[in-house]
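Using the sequences provided together with the hints, build the complete structure.
2 protein chains.
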Amino acid sequence: MPPHLAPVPLDKAYRLINHGPTVLVSARHQGVDDVMTAAWACALDFAPPRLTVVVDKSSYTRTLLEGSGRFVVQVPTVAQLAQAYAVGTRSLAIDPDKLAHAGVTFFALDGHDLPFVEGCAGWLACRLLPEPHNQSTYDLFIGEVTGAWADTRVFADGHWHFETADPRWRSLHHVAGGQFYAIGEPVAAAGDAV
Amino acid sequence: MPPHLAPVPLDKAYRLINHGPTVLVSARHQGVDDVMTAAWACALDFAPPRLTVVVDKSSYTRTLLEGSGRFVVQVPTVAQLAQAYAVGTRSLAIDPDKLAHAGVTFFALDGHDLPFVEGCAGWLACRLLPEPHNQSTYDLFIGEVTGAWADTRVFADGHWHFETADPRWRSLHHVAGGQFYAIGEPVAAAGDAV
Numbered sequence: 001m002p003p004h005l006a007p008v009p010l011d012k013a014y015r016l017i018n019h020g021p022t023v024l025v026s027a028r029h030q031g032v033d034d035v036m037t038a039a040w041a042c043a044l045d046f047a048p049p050r051l052t053v054v055v056d057k058s059s060y061t062r063t064l065l066e067g068s069g070r071f072v073v074q075v076p077t078v079a080q081l082a083q084a085y086a087v088g089t090r091s092l093a094i095d096p097d098k099l100a101h102a103g104v105t106f107f108a109l110d111g112h113d114l115p116f117v118e119g120c121a122g123w124l125a126c127r128l129l130p131e132p133h134n135q136s137t138y139d140l141f142i143g144e145v146t147g148a149w150a151d152t153r154v155f156a157d158g159h160w161h162f163e164t165a166d167p168r169w170r171s172l173h174h175v176a177g178g179q180f181y182a183i184g185e186p187v188a189a190a191g192d193a194v
Numbered sequence: 001m002p003p004h005l006a007p008v009p010l011d012k013a014y015r016l017i018n019h020g021p022t023v024l025v026s027a028r029h030q031g032v033d034d035v036m037t038a039a040w041a042c043a044l045d046f047a048p049p050r051l052t053v054v055v056d057k058s059s060y061t062r063t064l065l066e067g068s069g070r071f072v073v074q075v076p077t078v079a080q081l082a083q084a085y086a087v088g089t090r091s092l093a094i095d096p097d098k099l100a101h102a103g104v105t106f107f108a109l110d111g112h113d114l115p116f117v118e119g120c121a122g123w124l125a126c127r128l129l130p131e132p133h134n135q136s137t138y139d140l141f142i143g144e145v146t147g148a149w150a151d152t153r154v155f156a157d158g159h160w161h162f163e164t165a166d167p168r169w170r171s172l173h174h175v176a177g178g179q180f181y182a183i184g185e186p187v188a189a190a191g192d193a194v
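These protein sequences, in sequence, are chains A and B. Mind the numbering: the first sequence is residues 1 to 194 in the UniProt record's numbering, read in order. Mind the numbering: the second sequence is residues 1 to 194 in the UniProt record's numbering, read in order.
Please keep in mind that the hints were generated in silico from the structure rather than gathered at the bench.
A partial selection of chain B residues facing chain A, derived with a Cβ cut-off under 7 Å: (1) H19; (2) G20; (3) V78; (4) A82; (5) Y85; (6) Y138; (7) H173; (8) H174; (9) G178; (10) F180; (11) A182; (12) I183; (13) A188.
Under the rule of at most 30 Å between Cα atoms (straight-line distance), these lysine-lysine pairs were calculated in the DSBU-like manner: (14) B:K57 to A:K12; (15) A:K98 to A:K57; (16) A:K57 to B:K12; (17) B:K98 to B:K57.
Every residue, glycine too, gets a C-beta built ideally from N, C-alpha and C.
Written as structure tokens, this is what we have:
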């Protein structure tokens, strides 16, 4: 387990993606690992924590995800911009050395037979909730979160700390092509007591 | 139609929400209008443009949306922070003057019998694609975008211009309670030609 990694309570897991970041989706099946970029990921429920992610039929990661019924949704950072762009534009089916070329390194977490991408800000281990109609008609996958972790240098005590962390920890929000916005500054509604 | 409002080509409509903003969902049915805040909205397809949005069973807006089969997904701004928080925490079922109390004003667009929230940065008029299983099991609604518009002071030529617009035009990205992040600065992967 990387230093600075800490578990996130499942009732706070949704907060890792509540602000709409572009994510990396990774999966493992029969000894093959892959990871892809997905701008279309979204929280779906608090308890149990669930999420949706759109994964195109052309994606090799989809084959792995459907084969194993497990995947990881993780939040890449500005420091990983080149990597996030590379794994979203190259396919393992075409470039067998995709992961090395993109500079991706996976790490393991006990009890989860899944590839976790090093350097991300947060990780959500998911179990696929099979919904064949959604998957075939809309490329829409629903995952139930079975474990969540974050790097304490940017997420701690159930909250992001983008405003005090190094700017290279900011999440990426995809526009098109290789263009992204980084997340910005906090704003709060008057009278909010949270 | 408000000044500065311009249509967005449908093939670029997904870009209004691709970076993961919190949105306002409005609907009209039998003469009643309502609007609510939704952090869990996401693009689903490019062509035809489709999106998902999670709308809780306790929401009055959901009743209207299910009744008419139409809704608007719009992108509120930092200038609308108090309004976005207010319409997400008050229900029309409890406060019949919710809209006035939150300072919401609707405008009309020819050919769309829908309430569009003034002051937003972008608007997506949607037709509900009925999926009863998703709606009842997951509170998940799928919309097909039938029209898109943006305020040209912050979105033009198919792109957001947050970095040159007044900071009050930045989109909101919900954390929890009344806490949000504003979208931040653009970053681009090296070698991107888009």
